[in-house]
Amino acid sequence: MRKVHSLLGIVPIGLFLMEHLITNSFATFGPEVYNEKIEFFQSLPYLLGLEIGTIFAPILFHAVLGVVFLWAWKDNSIQYPYARNWLYTLQRVTGIIAFAFIAYHVWEFRIESVLNGEEVNFDLVAGHLDNSWIFGFYILGITSAIFHFANGVWNFLVHWGITVGPRAQKLSGCVCAGIGVVFLYVGLNALWAFI
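So the numbering used here is basically just the index in the sequence shown, starting at one, shifted up by 13.
It is worth saying that the hints were derived from the structure and are not from the lab.
Virtual Cβ for every residue (Gly too), placed ideally from N, Cα, C.
Careful, some of the hints might be misleading.
Distance ranges between label pairs, derived from CB positions [said to hold, decoys possible]:
hint, residue 1, residue 2, range
1, Tyr59, Ser90, 42 to 48 Å
2, Gln55, Gly178, 42 to 48 Å
3, Asn202, Leu61, 27 to 33 Å
4, Glu131, Phe69, 17 to 23 Å
Taking lysine-lysine pairs in the DSSO-like style, the calculated list, with each CA pair at most 30 Å apart, reads [to be verified]:
hint, residue 1, residue 2
5, Lys183, Lys16
6, Lys183, Lys87
7, Lys16, Lys87
With the sequences and hints as input, model every part of the structure.
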């Protein structure tokens, strides 16, 4: 089950994270460009089925498995303060934060907007992020989701036997950290575009 858990974190969840960050980055070009991209995605045929089958169900399954694994978690980062122990702990903590953030984000911009008959557009997002507490929560949520993904890629490579040996694992750790930094820049840059 751990391999299924890690695979779901890469495909489709990781791919969706990349797409979502890139799509929201169009906000840096202004409201008109952003709204055009959002309208395109909202007009996709079979959108609800695509969202449920390729985004919501995998995220929920990944989260449920994560909670199951969390019950078996024994934090030893204080007794053995090695970098990998801290990353193991941060993976669990950021998973919890990311799940809460994703649930909130989906409620606000997918469910509640439909219930209220609101069109998701630049102005709606900007108005939402005008609240400094929500903006701060978005910084925390985006950072947590990206750390969880980048560190999860490293875990995936190790557990699937792709990076074996200390040298390969160290190199892949640097690459995954680089991926995390790039994604974080893209995510926060998109967030700032709404302010």
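Now for the hints, and whether the structure bears them out:
no.	hint	verdict
1	Tyr59 with Ser90: 42 to 48 Å	holds (44 Å)
2	Gln55 with Gly178: 42 to 48 Å	holds (47 Å)
3	Asn202 with Leu61: 27 to 33 Å	holds (30 Å)
4	Glu131 with Phe69: 17 to 23 Å	holds (20 Å)
5	Lys183 with Lys16	holds (21 Å)
6	Lys183 with Lys87	holds (24 Å)
7	Lys16 with Lys87	holds (20 Å)
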